[in-house]
Each structure stands twice: as structure tokens, then as C-alpha cells.
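The lines below spell out each chain.
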Amino acid sequence: MTDAAVALPARRRRSSASYRLERRIKKGFLVVAVGLVLIYTLFPYYWAIVSSTKQGAALYRNTFLPAFDLTYYKALYENRIFLGSLVNSAFVASSTTALSLILGISAAYALGRIDFPQRRGVLMTILMISIFPQVVVLSGMFELINWLGLYNRPSALILTYLLATVPFTTWILTTFIREFPRELEEAAIIDGCSHFRILTKILLPLMGPSLASTGILAFILAWNEFLFALTFILTDENRTVPVAIGLMGGSSRYEYPFGQIMAASVTVTLPLIILVLIFQRRIVAGLTAGAVKG
Amino acid sequence: MASVELKSVSKSYGGNPVIRGVDLAIRDGEFIVFVGPSGCGKSTLLRLIAGLVPVTDGEISIGGEPVTDVPASKRGIAFVFQSYALYPHMTVARNIGFALETLGLGRDAVRNKVAEVAKLLKVDHLLARRPRELSGGQRQRVAIGRALVRKPEVFLFDEPLSNLDSDLRMEMRIEIARLHDDIGTTMIYVTHDQAEAMTLADRIVVLNHGVIEQVGSPQELYHTPKSRFVAGFVGSPRMNFSTVAATGIGADWLLSGPGGLRLESHVTGNRSTPATVGVRPEALSIVAPGSGRLDGVLERIEDLGHEHFAYVRLDADNSWVVRLPARPREDRDTKVGLSFRDEDLFLFDESGARLDHAASHERSAAALAQTSGGGIAA
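Residue numbers (my numbering), protein chains in the order written: chain A, 74 to 367; chain B, 123 to 500.
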């Protein structure tokens, strides 16, 4: 004890009040930092909302308050092509999510639970595939889509989006299944469960959080995708939302329909926000609590 | 109820042998405990019997019928896991009834059986709860209930109490013993806990590096261990060992070792050279220096209240533990003598096998008589 006291420089401890002040200043910095991040991420969306409610020349004035003029929204909801593209997007994104989760779970169960010599290789390949930039596979994909006769069909998009979503769903779910307590599975085997029953009755109910998070990521990816959607779809009625917005035209070729585009952007973002809000609690909740000692 | 028979069962993982040719016959209704150091394969052996892990070689039969290739769920066994392995998303009632549900039993039938088992294990007031809302002891009961509801012919336990604190462990130990008395099912129990092994077992199986070192009643293992390994493994604190030099004098051996140990011993039966002596801590007593058989320095005393452990250093490499009912009068760092009776001395040869010597022979006969007497009392 005395040795330690001697070794330390003879500095007096600061008063309790100064530590309190220090803590408050740190807290203040944190609040400011969080505020900056929030502004950085939320302002574009807010600006879209503001712009979508302004008319004509008001658009080019920098007012930060929305004008609550819903003309563009009304026009948008009478626009059959836009509504059609919403339906297309919903179909493509949910099918992609469902398919990639089904494929991802089956692959992850095998990769996470069954020992086979090529496992590492397969996992690395999956990772490699997800690294390729879209542009690289674009022309090859185009040939494939043509050959399969899927050109200008939404199913072409589902097929190509799987290329991006299956690798990462597989990766995330493999990690989860690997951490899954082995004894739970053995208990199910002794209780007479088949592999399928283990998957559906034991694993899936417990995988809720990871399924929700990977599912949402896959959905967002499919919902926002632009390049494939632009390349593989020819006609307006088969377009998905990002392309439909991008190709929106005004009444004359010199008018850029800024307000309408903003209204459309706000509209297509809403489903994503609602989805995340619905599932966020499931993502956070740790469902495996209580399985083993804890 | 059923007997279990293992015939030269082996298991290796990627050419790495974990179980090597185990032969074991377990009688109907017997309580068998597997013990051994970690990594000796005791849990693997249990999983082989359960059918969770396929055997590499050999045969397993349960109730006289070969089950080597029968899946786990059809072997008539139940398994209680170390981590309990309750399904976290199901209520206690569904956890217990899940096996019956899987079998396709009707809802009412399942509910009745679950209620029956829950009542037996005193968890009937918890049926609507989920595992995370239960205490460790309650989870353990539910895990046993889940095993019990299947009316197994053989109960398998994999270190079921190691996650509980010591009070609860003792309580559950007694309850498992009572359960065995009540239902009389064959039970195989893996543990590393001495007390559980000694109190629960009809017979203990000591495993070492995937082979059975010895099978016997707790008393047999304690009094007549076959090898140095078993002698060191059964009993707590463990037996004191020292290497000795042996000189042959006719049919007898003169042994000399650390702490001034000099013994004349008449080895009967096996003719190999003694290499190690062993004496249990409870067979030693502290005497005045020079008047015992060994001399050393009293280094440390551990006072546990009801018993005391004295550590006596014989030389640089050898420190022996003495178990005493009362605190020794001698002070720390003083010279003391250690004495023991002839029949409490164990001799082992170079390979670790125990050698019968003149004194030990009488004692083992006495021990065996005591064992059979104890068996009737239990």
C-alpha cells in the first residue's frame, strides 16, 4: 500500500464538483453528437416531405416548413403507372425476402450444423459472390434472363435479387445456428423429432429475431434496387418503384416534376419505416434467454 | 426397465479414438455412475448409449435387443442434459409433453400425463411458465419431468447437477436417489462430483482415456482400487503418492522413499516391482518426529471446522495431506512424524497396477465383507 502511494505523483484528488462538471460536459457533447447524426440522416427525408408539399415557384425558395399542400400526392395516387409500380415492388420485394429466407435457412442449417469437408469452401464462395459489383454480372445476367425467357417480367428481378440477398442471409443465419445450443437439438432428437420438425418447432420459433433482421435487410435491398430493375424491365406497367420514380416525366419535356418525385419518394419510404418499426422489438428481444443456464 | 450391454464399443472422431473397446454389462434397475477426468470420454459414452452419436465399432443392446443402429428416440431412453436444454419458447407443460405430442398422442392424453409427472416432481404449479421464469432447481425438475414422461427403460443423466449451487445440489442428489428407489428404472449417470458418485451409485465405472479402468461398488473402488489411477480418483482429498526405490530381499521388497520412508513388504500374487506407495489422507495421523514411519515439516493447516487438512512436506517434490478430525497441536513449520497402519498402505508397480501385499490382503477381504453388508443396508 505504502509503496504504491509513494510511486504515485503527489497530486491531490480534484473535488467532487469538478468530476460532476466533467461528467455533465461529456454528456452535453454526446447529445450534440447524436443530434448531428440525426440531422445528417433524417434531413434528406424531411426535405423530401417539405418539398413534396410545395407548389410551383415555392419549390425553389428555401423554407424549412412544409406547406401542407397535398396536390402532388393526389396526382400521384391517380397515377396508375405509379400505383402499379408500387404493387410490383411489393411483390418483388416480398417474394425475394421469402425466397432468400427459405434458401438461407436451409443452407445455414446445413452449413452451421452438419460437418462436411467442403463447408469452409462453400462459405467462402458465398462470401465471394456477395462481393461482385452488380455491373460486373449485369451483362451475364441479361443473357441468362433472356435465355430463361424472363425479360420484362418481375420474376426476372426476383431471380436476380436472390443473387445479392441469399449470400448475406445465409451468412447471418449460419452464424446464428452455429451459436444455437447443441443440447437443445439433441433434446429434440430424443423427443423423437425429425430434422424438419426440429427446424420448424424448435429452431424457427427461436430464430425470430435473426429472421426479422435479415428479412428486413433483404426486403430493403430488393425494394431499393435500381440497376437490374432498369435493365431487365422494358415496359411501364412492369416497373418497380425506384425506376418508376426515376423515369417520371413532367407535362412538357422542359418541366422536371420535382414535387411529384418528392411525393413519390416519401410514399415509397413509408412501407420500409413501418416494417422496421413493427419488427424492431422482435429484433431486440433475446428469445433464447432461459434455454440453458443463465 | 431394461439391462444395457456394451460389447467392445469404440468411437473415434476423425481417426482420434475417444472410446476404445468398452465392454460393460449393466443390470436391470441398476444405478451406474460414470466418472473420470475431463476428456476421458464419459459423456461421449453416454451419448453413444443414447444414440445421439453413432458408434464407430462395437455393439450396444438395451433390454437384450441390439440397438446399435436404432435412432435415439426409439431406444426407450431418456436423457437429462447438463444445461437442462429446455425449449425456451414453450411453457413447462409443453416442454414436458413435447415428446408425447411428437408421438401424436391426443391433447387430453398428453395433458393428463404431464399433470401426473408434474405432480410427482412438484412442478404442477409452474406448468404455465416459461423456462426463463424458473429457478435453476425448478428447471432441473422440469428437465427430469420431460425425461420421466416418456416412461423410459433407461434414464441417462449427463452431469445434471453441475449447474446448481452446492445446497441445491445435495437436495437434488437425494431426490434423484429417491426417484430411483421409487421407479426402479436403470439409470446411468455421468458426473465429476465424488459425493454424487459415492452416494448414488450401485456401481461406479471409472474411465480413463476412453477405457474402463475399473467397475465396482463405491466401497470396492475405495478399498481395493485396481490401479493407481482409480486410487487417486476416488476419495477426496486424493490419496498421497510417493515414488519409492525397491530392493529385492528374497521374496520380500525393501522400499525406501522420501521423508525417511523405509518399509519391508511381502508382495503376494503379482511379482512386479513396486514403484509407488500410496496412503489415503484419512489413514494418516500426526505423531512426534522420529516415532512415525515418515518425517516431514508441517507446512499449512486448512481448518474447515468439522475437519482439518494438514500439509506435510516430505521433500522438495512430495507433500502429503493428512485429514484430521481436530486441529493438530503442532505449530506450522515444525517437524512432525506421520504414521499409518500396514493395511492402509497401497503399493503400485511401474504400470500403475496395484500390488497385493501381505497386509493389504487381509484388509481387502474385510472391506469386501463390509461392502456386502453395506449393500443390504442400502
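The hints are simulated quantities; they were obtained by calculation from the structure and are not laboratory data.
Since this is a predicted model, take the numbers as computed values, not measurements.
Be a bit skeptical, because a hint or two may be false.
Stated by the list, open to error - List of simulated lysine-lysine pairs, BS3-like, C-alpha gap at most 27 Å:
(1) A:274 / B:129
(2) A:274 / B:196
(3) B:235 / B:129
(4) B:348 / A:274
(5) B:348 / B:244
(6) B:273 / B:129
(7) B:129 / B:457
(8) B:273 / B:244
(9) B:196 / B:235
Stated by the list, open to error - Looking from chain B toward chain A, a few residues come up when the C-beta cut is under 8 Å (computed):
(10) 200
(11) 203
(12) 205
(13) 301
(14) 462
We put the beta carbon where it would ideally sit given N, CA and C, even for glycine.
- Message: Hinted pair, alpha-carbon criterion (27 Å max): residue 348 (chain B), residue 244 (chain B). Please report holds or violated.
- Response: 42 Å, violated
- Given the hint that residue 235 (chain B) pairs with residue 129 (chain B), test it: the Cα-Cα distance must not exceed 27 Å. 36 Å, violated
- Query: Within 27 Å, alpha carbon to alpha carbon, are residue 273 (chain B) and residue 244 (chain B)?
  - Reply: This hinted pair holds, its Cα atoms lying about 18 Å apart.
- Is residue 196 (chain B) close enough to residue 235 (chain B), meaning Cα to Cα at most 27 Å? Measuring from Cα to Cα gives roughly 19 Å; hence the hint holds.
- Given residue 203 (chain B) was flagged as interface, is its beta-carbon under 8 Å from a beta-carbon of chain A? 4 Å, holds
- Query: If you take the shortest Cβ to Cβ gap from residue 462 (chain B) to chain A, is it below 8 Å?
  - Reply: 43 Å, violated
- Message: Next item in the hint list is residue 200 (chain B). Is there a CB on chain A closer than 8 Å to its CB?
- Response: Because about 7 Å separates residue 200 (chain B) from the closest Cβ in chain A, which is inside the 8 Å limit, the hint holds.
- If you take the shortest Cβ to Cβ gap from residue 301 (chain B) to chain A, is it below 8 Å? 18 Å, violated
- Message: Given the hinted pair residue 129 (chain B) and residue 457 (chain B), is their Cα-Cα distance within 27 Å?
- Response: Roughly 54 Å between the alpha carbons, so the hint for residue 129 (chain B) and residue 457 (chain B) is violated.
- Against chain A, is residue 205 (chain B) within 8 Å by beta-carbon distance? 4 Å, holds
- Task: Quickly compare the C-alpha distance for residue 348 (chain B) and residue 274 (chain A) to 27 Å and report which way the hint goes.
- Result: 49 Å, violated
- Query: Are residue 274 (chain A) and residue 129 (chain B) close enough, with their CA atoms no more than 27 Å apart?
  - Reply: 36 Å, violated
Violated hints, listed in ascending order, are 1, 3, 4, 5, 7, 13 and 14; each of the other numbered hints is respected by the structure.
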